[in-house]
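10 protein chains.
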Amino acid sequence: MLFHVEMTVNIPHDLPSQVANELKATERERALELQRSGKWRHLWRMAGRYANVSVFDVSGPSELHEILSALPLFPFMAIKVTPLCRHPSAIREDDT
Amino acid sequence: MLFHVEMTVNIPHDLPSQVANELKATERERALELQRSGKWRHLWRMAGRYANVSVFDVSGPSELHEILSALPLFPFMAIKVTPLCRHPSAIREDDT
Amino acid sequence: MLFHVEMTVNIPHDLPSQVANELKATERERALELQRSGKWRHLWRMAGRYANVSVFDVSGPSELHEILSALPLFPFMAIKVTPLCRHPSAIREDDT
Amino acid sequence: MLFHVEMTVNIPHDLPSQVANELKATERERALELQRSGKWRHLWRMAGRYANVSVFDVSGPSELHEILSALPLFPFMAIKVTPLCRHPSAIREDDT
Amino acid sequence: MLFHVEMTVNIPHDLPSQVANELKATERERALELQRSGKWRHLWRMAGRYANVSVFDVSGPSELHEILSALPLFPFMAIKVTPLCRHPSAIREDDT
Amino acid sequence: MLFHVEMTVNIPHDLPSQVANELKATERERALELQRSGKWRHLWRMAGRYANVSVFDVSGPSELHEILSALPLFPFMAIKVTPLCRHPSAIREDDT
Amino acid sequence: MLFHVEMTVNIPHDLPSQVANELKATERERALELQRSGKWRHLWRMAGRYANVSVFDVSGPSELHEILSALPLFPFMAIKVTPLCRHPSAIREDDT
Amino acid sequence: MLFHVEMTVNIPHDLPSQVANELKATERERALELQRSGKWRHLWRMAGRYANVSVFDVSGPSELHEILSALPLFPFMAIKVTPLCRHPSAIREDDT
Amino acid sequence: MLFHVEMTVNIPHDLPSQVANELKATERERALELQRSGKWRHLWRMAGRYANVSVFDVSGPSELHEILSALPLFPFMAIKVTPLCRHPSAIREDDT
Amino acid sequence: MLFHVEMTVNIPHDLPSQVANELKATERERALELQRSGKWRHLWRMAGRYANVSVFDVSGPSELHEILSALPLFPFMAIKVTPLCRHPSAIREDDT
Numbered sequence: 001m002l003f004h005v006e007m008t009v010n011i012p013h014d015l016p017s018q019v020a021n022e023l024k025a026t027e028r029e030r031a032l033e034l035q036r037s038g039k040w041r042h043l044w045r046m047a048g049r050y051a052n053v054s055v056f057d058v059s060g061p062s063e064l065h066e067i068l069s070a071l072p073l074f075p076f077m078a079i080k081v082t083p084l085c086r087h088p089s090a091i092r093e094d095d096t
Numbered sequence: 101m102l103f104h105v106e107m108t109v110n111i112p113h114d115l116p117s118q119v120a121n122e123l124k125a126t127e128r129e130r131a132l133e134l135q136r137s138g139k140w141r142h143l144w145r146m147a148g149r150y151a152n153v154s155v156f157d158v159s160g161p162s163e164l165h166e167i168l169s170a171l172p173l174f175p176f177m178a179i180k181v182t183p184l185c186r187h188p189s190a191i192r193e194d195d196t
Numbered sequence: 201m202l203f204h205v206e207m208t209v210n211i212p213h214d215l216p217s218q219v220a221n222e223l224k225a226t227e228r229e230r231a232l233e234l235q236r237s238g239k240w241r242h243l244w245r246m247a248g249r250y251a252n253v254s255v256f257d258v259s260g261p262s263e264l265h266e267i268l269s270a271l272p273l274f275p276f277m278a279i280k281v282t283p284l285c286r287h288p289s290a291i292r293e294d295d296t
Numbered sequence: 301m302l303f304h305v306e307m308t309v310n311i312p313h314d315l316p317s318q319v320a321n322e323l324k325a326t327e328r329e330r331a332l333e334l335q336r337s338g339k340w341r342h343l344w345r346m347a348g349r350y351a352n353v354s355v356f357d358v359s360g361p362s363e364l365h366e367i368l369s370a371l372p373l374f375p376f377m378a379i380k381v382t383p384l385c386r387h388p389s390a391i392r393e394d395d396t
Numbered sequence: 401m402l403f404h405v406e407m408t409v410n411i412p413h414d415l416p417s418q419v420a421n422e423l424k425a426t427e428r429e430r431a432l433e434l435q436r437s438g439k440w441r442h443l444w445r446m447a448g449r450y451a452n453v454s455v456f457d458v459s460g461p462s463e464l465h466e467i468l469s470a471l472p473l474f475p476f477m478a479i480k481v482t483p484l485c486r487h488p489s490a491i492r493e494d495d496t
Numbered sequence: 501m502l503f504h505v506e507m508t509v510n511i512p513h514d515l516p517s518q519v520a521n522e523l524k525a526t527e528r529e530r531a532l533e534l535q536r537s538g539k540w541r542h543l544w545r546m547a548g549r550y551a552n553v554s555v556f557d558v559s560g561p562s563e564l565h566e567i568l569s570a571l572p573l574f575p576f577m578a579i580k581v582t583p584l585c586r587h588p589s590a591i592r593e594d595d596t
Numbered sequence: 601m602l603f604h605v606e607m608t609v610n611i612p613h614d615l616p617s618q619v620a621n622e623l624k625a626t627e628r629e630r631a632l633e634l635q636r637s638g639k640w641r642h643l644w645r646m647a648g649r650y651a652n653v654s655v656f657d658v659s660g661p662s663e664l665h666e667i668l669s670a671l672p673l674f675p676f677m678a679i680k681v682t683p684l685c686r687h688p689s690a691i692r693e694d695d696t
Numbered sequence: 701m702l703f704h705v706e707m708t709v710n711i712p713h714d715l716p717s718q719v720a721n722e723l724k725a726t727e728r729e730r731a732l733e734l735q736r737s738g739k740w741r742h743l744w745r746m747a748g749r750y751a752n753v754s755v756f757d758v759s760g761p762s763e764l765h766e767i768l769s770a771l772p773l774f775p776f777m778a779i780k781v782t783p784l785c786r787h788p789s790a791i792r793e794d795d796t
Numbered sequence: 801m802l803f804h805v806e807m808t809v810n811i812p813h814d815l816p817s818q819v820a821n822e823l824k825a826t827e828r829e830r831a832l833e834l835q836r837s838g839k840w841r842h843l844w845r846m847a848g849r850y851a852n853v854s855v856f857d858v859s860g861p862s863e864l865h866e867i868l869s870a871l872p873l874f875p876f877m878a879i880k881v882t883p884l885c886r887h888p889s890a891i892r893e894d895d896t
Numbered sequence: 901m902l903f904h905v906e907m908t909v910n911i912p913h914d915l916p917s918q919v920a921n922e923l924k925a926t927e928r929e930r931a932l933e934l935q936r937s938g939k940w941r942h943l944w945r946m947a948g949r950y951a952n953v954s955v956f957d958v959s960g961p962s963e964l965h966e967i968l969s970a971l972p973l974f975p976f977m978a979i980k981v982t983p984l985c986r987h988p989s990a991i992r993e994d995d996t
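Chains as they are written, first to last, in my numbering: chain A, 1 to 96; chain B, 101 to 196; chain C, 201 to 296; chain D, 301 to 396; chain E, 401 to 496; chain F, 501 to 596; chain G, 601 to 696; chain H, 701 to 796; chain I, 801 to 896; chain J, 901 to 996.
Everything labelled a hint here was simulated from the structure, so no lab data went into it. One thing to keep in mind: the hints can contain errors.
Straight-line C-alpha distance at most 25 Å; calculated PhoX-like pairs for lysine-lysine [to be verified]: (1) H/Lys-780 / G/Lys-680; (2) F/Lys-580 / F/Lys-539; (3) I/Lys-824 / I/Lys-839; (4) A/Lys-80 / J/Lys-939; (5) D/Lys-380 / C/Lys-280; (6) E/Lys-480 / C/Lys-224; (7) A/Lys-80 / A/Lys-39; (8) I/Lys-824 / F/Lys-580; (9) E/Lys-480 / E/Lys-424; (10) A/Lys-80 / C/Lys-280; (11) H/Lys-780 / G/Lys-624; (12) F/Lys-539 / D/Lys-380; (13) F/Lys-524 / D/Lys-380; (14) H/Lys-724 / B/Lys-180; (15) F/Lys-580 / E/Lys-480; (16) I/Lys-880 / F/Lys-580; (17) B/Lys-139 / B/Lys-180; (18) H/Lys-780 / H/Lys-739; (19) E/Lys-424 / G/Lys-680; (20) G/Lys-680 / F/Lys-580; (21) B/Lys-124 / B/Lys-180; (22) I/Lys-880 / J/Lys-924; (23) B/Lys-180 / H/Lys-780; (24) B/Lys-139 / B/Lys-124; (25) G/Lys-639 / G/Lys-624; (26) C/Lys-224 / C/Lys-239; (27) J/Lys-980 / I/Lys-880.
One chain only, chain A, in its complex shape (with noise of 0.2 Å):
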């Protein structure tokens, strides 16, 4: 089932900039693996901002959490979660 996740990143200034990159790095490595193994549906930019605009495909909000909660970068995001539901008027086989 799919889940709307927004997530701005916050990361202090103070943060060495080594352990900040490091952390980058394994977001990143982290956000492919999920995206290859379809929990991570969609991924996008928002324009201007260090923030993201995601839809996950997860069991359920259990897995949802496990899922971002292990993420390197979790305790620098603000995260909003937004479950959906399939649109009566959709026509995509895929947004359910």
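The hints should help you fit chains B, C, D, E, F, G, H, I and J onto chain A, whose structure is shown.
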């Protein structure tokens, strides 16, 4: 190019129900048409609300406005538009 | 799976009171029925407000939306949905 | 009597991780204890956030404050309290 | 136990003035009665607004809700409830 | 005349605890003194929060500011002031 | 003593224009009178809005409420009151 | 001098459409006239909303208010005004 | 022309107190000077807050910005600017 | 196509001033360059705030993001993006 659009519908309770029903039917026709054309790429219902999350693929803000402002329910919707771009970690072809 | 739902009712003062009363009576019937079925697991009144806090146990966002959007007072409610999952420190069997 | 409590945890990134870990371990111990005593009746994780939704069954605001203000993570939590009462359409015995 | 309550009154301009006046007169009667009984312990006007700040002394959220929801102006009020408890530095006997 | 004051305390976690403790002890002394003098008429804790609701009886905004800005925790408090006046339906002598 | 008051006028579009005009005319008379008496010390229009910023010089919150609640447009105004006091760096005699 | 103005139009659905159309037509005439005079320097539509972003070049807040408050749709617009000045890094001649 | 300005000061607790004191002393000097010149026409303290309400009389937004951005505490202030104009019902000569 | 962008700068007070100055100097260079290229079409200072209102003319959200995220002060700015389109009543050639 892609735009993320949230639409929240708020039909006044004193609008005659026949008028409301006609608006909704036409809205649905228009939504199907725009999805078939590829302009309205994604359309999801937010669970528990008379609202949707959508992604439009249009030639720019002008076409987006033409489409949205011509929707039959436009006068009764609060609309929030966010321009999207490709995320550096995205892998899906059509998330651009 | 569990969803936390806050519903705030706002019935327009110019809705005929007979219509309002019928809506409320049907709403009550539906609430009893859904609780008996186990779908509407918890239902509390927020003190001092025409609003409730609820927990639904449904198969996913789709079923949740079906239930909520079919409530007689749905057109007059502001609804906020939050997906829940088991807390790592929870001990109660049915908080899952 | 019942109180609905939302707790959002925000541990400063420059708090030494050993201190943070000890706080979290003690918090967990306290949460288990309070649940076993029946005071902390429900405890759910909000999916995707370091936050919980809880229901406390206490003798009143004073006991609620004693409990919450003594939680190890209290200095790092934003807490929102809502007093609950029985909903006229509730059927569950222990939703009171 | 004590609850801090803010009530903001918003009477629709198209409510017939006779109806409004009767509601206000009954509201006043009820307020006097509840104060005499000791349930409505404090009642202040917020300067410049059709709103009050009150402190109720009731047996719990249930009694508070019964009282507030039975006020004649309840359908036209926005109400905010905050549970209070004794402050460790308070000296006044009846601030409990 | 009366002013309703909400104070929310937010002590930075990196303030040395000895400094914080001295501030709190002096704050308490000052609160007791001001209550005894009758200036700080009511003082309640908001359940679950490091915050209080107070009513001050002072000669005007100037005296109120002198008192509040001299509180030891003033630099760490968010303060909201609301001028009160007698409610036309109030019966308590000292709610003026 | 001084109070800073922001008034935003919002006259419902379905109020008969004759009623509205009479209210505005009386409001103007009352504003002139209160300014002449010295109670309404300053009165400015916020550019681009049907709103004003004012400073009242009254004996306290009670007199302020009497004045504001008796304004003909009071039922159609959102009012925000802020108590003022002399700034330690002010030099103007009448800013007290 | 320049003022940044955001106008959001909200025409009540029960305003007769003939009235609304006349207001819109006059509004358009006035907008053209003010642009030709140079007072209304920029005028853009916000995509997806019945709202505009504008820059006015006027002699001060007074002239700005005269212009805005005389717009036919003024009673149905929420308006936000921000005074602008030349940015130290601006190069465009007419951004002053 | 007149601008209404609200300044809220927020000095970080870890700014050395000597630095803070020098900033405040220079701020005071500058405030006195600007008041004497007539540019800073009114200056009031908001009771209970480290904040002021001011009215500036300047040649336009540019001069206003020069003045405000040169204040020693500018980096530690949240500033809200509202352009004012003469109210049609104002009688005071210098409220223009 | 055009995008309206508001940037609010918030440089942490504990960032070494040399670092801050270098960032500002480079930011200025980049702003000049982008204006000369025509991408950064308008740039205004909001009076009284360390913030600007800008209009960018770019090929789409992707180019906009590239530009904004490469600004030296990007990590210290809150940015709000609004897509613009031609207003039906606009007359200025380059407001498109």
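> Checking against the hints above, which ones are violated?
Replying inline: 4 and 12
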